[in-house]
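Asker: So you can see what is in the structure, the chains are spelled out below.
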Amino acid sequence: MANDPLLKVEDLHVYYGSSHVLHGLSLEAGTEPLSLVGRNGMGKSTLCQAIMGLVPAARGEVRLGGERLNGRRAYRVARAGVGYVPQGRRVYRSLSVEEHLKLVGKPGGEWTIERIYDTFPRLAERRKNGGGALSGGEQQMLAISRALLLNPRLLVMDEPTEGLAPVIVDHVVEVLREIGRSGVGLLLVEQNLSVATQVSDRIMVMMNGEIALETDAESLLNDRALRNRYLGVAAEA
Amino acid sequence: MIETLADINWRLFAIVTLNGLTLASLYFIVASGFSLIFGLMRVVNMAHGSLYLLGAYVGFEVSEATGSWILGILAAGVVVAAAGAALQVSILSWMQGQDLRQALATIGVSIVAADLMLAQWGGSAYQIALPEAVSTFVPVPVAGRYAMARLMLIGFALVIGVALWLILNRTRIGMLIRAGVDDRRMLEAMGVNVPLVFVGVFAIGAGLAGMAGVIGGSVLSVSPGEDARYLLSSLIVVIVGGMGSIPGAAIGALLVAMAETYGLAYTPTYGIVYTFAIMVAVLAVRPQGLLGRAA
Chain A
1 MANDPLLKVE
11 DLHVYYGSSH
21 VLHGLSLEAG
31 TEPLSLVGRN
41 GMGKSTLCQA
51 IMGLVPAARG
61 EVRLGGERLN
71 GRRAYRVARA
81 GVGYVPQGRR
91 VYRSLSVEEH
101 LKLVGKPGGE
111 WTIERIYDTF
121 PRLAERRKNG
131 GGALSGGEQQ
141 MLAISRALLL
151 NPRLLVMDEP
161 TEGLAPVIVD
171 HVVEVLREIG
181 RSGVGLLLVE
191 QNLSVATQVS
201 DRIMVMMNGE
211 IALETDAESL
221 LNDRALRNRY
231 LGVAAEA
Chain B
1001 MIETLADINW
1011 RLFAIVTLNG
1021 LTLASLYFIV
1031 ASGFSLIFGL
1041 MRVVNMAHGS
1051 LYLLGAYVGF
1061 EVSEATGSWI
1071 LGILAAGVVV
1081 AAAGAALQVS
1091 ILSWMQGQDL
1101 RQALATIGVS
1111 IVAADLMLAQ
1121 WGGSAYQIAL
1131 PEAVSTFVPV
1141 PVAGRYAMAR
1151 LMLIGFALVI
1161 GVALWLILNR
1171 TRIGMLIRAG
1181 VDDRRMLEAM
1191 GVNVPLVFVG
1201 VFAIGAGLAG
1211 MAGVIGGSVL
1221 SVSPGEDARY
1231 LLSSLIVVIV
1241 GGMGSIPGAA
1251 IGALLVAMAE
1261 TYGLAYTPTY
1271 GIVYTFAIMV
1281 AVLAVRPQGL
1291 LGRAA
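For the record, the sequence lines run as chains A and B. Mind the numbering: the first sequence is residues 1 to 237 in our numbering, read in order. Mind the numbering: the second sequence is residues 1001 to 1295 in our numbering, read in order.
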């Protein structure tokens, strides 16, 4: 339905064995970028995987534009329009850059292989190289490109700047802002507060498997006490 | 007595070498299917030998009925591929990701299959008749003459090896398989119907075992117990060569078959020891296999 939000997560519970990771998490996101910050171990990656259908939800719902996603296999979630950029990038080391793009790319979509090469000239230079031979930054470009080629309605990104050099981080931020402006929904999980606040105005803080606080970039940056309370020292970097 | 260089029987050596290559070819065809399945799905298919034996019997029946060896091997490939796909869909897909349970289930399947085949085909050995054209001997340097059928088997293994390489490196399905071997969950997250790819790969691997059964049944023979023998050889080959690697399967098959053949020819008492010595040595130095990746 037209009035349904792009992404709606409601009362989501996820367990890993006997440990309860997500405690009835709810959130809504539209086409405006949304960043999710929080300390390690608060369930951010689990939320991404649960949206993708990579871990099963015990209770609750994930909906994309009103369409129920949970209970579907991951490939059906992807085909419904969710692109996933996983933590650690996870490019295929036996596939060349070009093969990565061919694996996902289809002619006629908004994002084509040519457009990817225009956006990331570095990938065009490295097209014959294997995924394992790329630098961290190049791998991240590839992981983002791979997800974009699905022409997703929503892009779920799990710590895309983790382990990258500062100059590369700036480039990734540029790319994320551009994706955010292009009308693709963006759910960005970040440890790096500066990246999160540059990419989105709307910020949610996760704590113990729940959304503890919803705020905007400016308040979070200006309120040191707030940051200390929810993010501790980890986010000061 | 120490042999001098001149005393070595070069003719015997050449024939033993060719026998070793023949056996290596057969091991490669069986083990490549086994390795392909393991590489993608992490399933140790303990019923792989049963698929080999089923292929041999199907090939025997069809070639007897039609008088065509070619039809026999094609039928075996197709029937066993279907059996493999059925095994994946009906049993293994229900326990995806539970490696041990899957291995145990396939042991169960292999026991049931062995008894069913025994009931159907009895305990005696069969030989699948080769076409007249290849039932001859051809002159070979040093060795004198050698069975055409055995040389063809070596050629067939080369063709299979090249075909597998081309499929894996030059086709879309090969791209999917390689990506799946690297990270099957990320492959699925990219919108690829991974369960379907699994069924396809299981069918290819099983079909290879089925065709190998017909070849083995023509060059050697078919009888109950061959299932366990080829399962064991596949296991050793992929442990030595590296699980999931096709070039590894080729190297493993060569090493294991050569050791076995030379061992039996020159030191019959210790023949079987060499195979396991190689396996132990590889496991000690490179536990992931010669061309395998660390898990």
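Be aware that one or more of the hints could be misleading.
Only pairs whose alpha carbons sit at most 20 Å apart, straight line, appear in this in silico EDC-like list of lysine to aspartate or glutamate [claimed, not checked]:
hint, chain 1, residue 1, chain 2, residue 2
1, A, Lys102, B, Asp1182
2, A, Lys128, A, Glu174
3, A, Lys102, B, Asp1183
4, A, Lys128, B, Asp1115
5, A, Lys8, A, Glu61
6, A, Lys128, A, Glu110
7, A, Lys102, A, Glu67
8, A, Lys102, A, Glu114
9, A, Lys8, A, Asp201
Keep in mind that the hints were calculated from the coordinates and are not lab data. For clarity, every value in this text was computed on a predicted model and none was experimentally measured.
Asker: Now tell me if each hint is right for this structure.
Answerer: Evaluated hints:
Simply put, Lys102 (chain A) and Asp1182 (chain B) have alpha-carbon atoms about 16 Å apart, close enough for the 20 Å limit, and the pair holds. Between Lys128 (chain A) and Glu174 (chain A) the CA atoms are separated by roughly 25 Å; this puts the pair beyond 20 Å, and the hint is violated. For the suggested pair Lys102 (chain A) and Asp1183 (chain B), the alpha carbons sit about 17 Å apart, so the restraint of at most 20 Å is met. Among the hinted pairs, Lys128 (chain A) with Asp1115 (chain B) is inconsistent with the structure: their alpha-carbon atoms are about 51 Å apart, more than 20 Å.
Between Lys8 (chain A) and Glu61 (chain A), the direct Cα distance comes to roughly 8 Å. Compliance with the 20 Å bound is thereby established for this hinted pair. Simply put, Lys128 (chain A) and Glu110 (chain A) have alpha-carbon atoms about 24 Å apart, too far for the 20 Å limit, and the pair is violated. Of the supplied pair hints, the one linking Lys102 (chain A) and Glu67 (chain A) is violated, its CA atoms being roughly 28 Å apart against a limit of 20 Å. Straight-line distance between C-alpha atoms of Lys102 (chain A) and Glu114 (chain A) comes to about 11 Å, which keeps the hinted pair within the 20 Å bound.
Restraint check for Lys8 (chain A) and Asp201 (chain A): the C-alpha separation of about 19 Å stays at or below 20 Å, so the hint holds.
Comparing the model with each earlier hint shows violations of hints 2, 4, 6 and 7; every other hint is respected.
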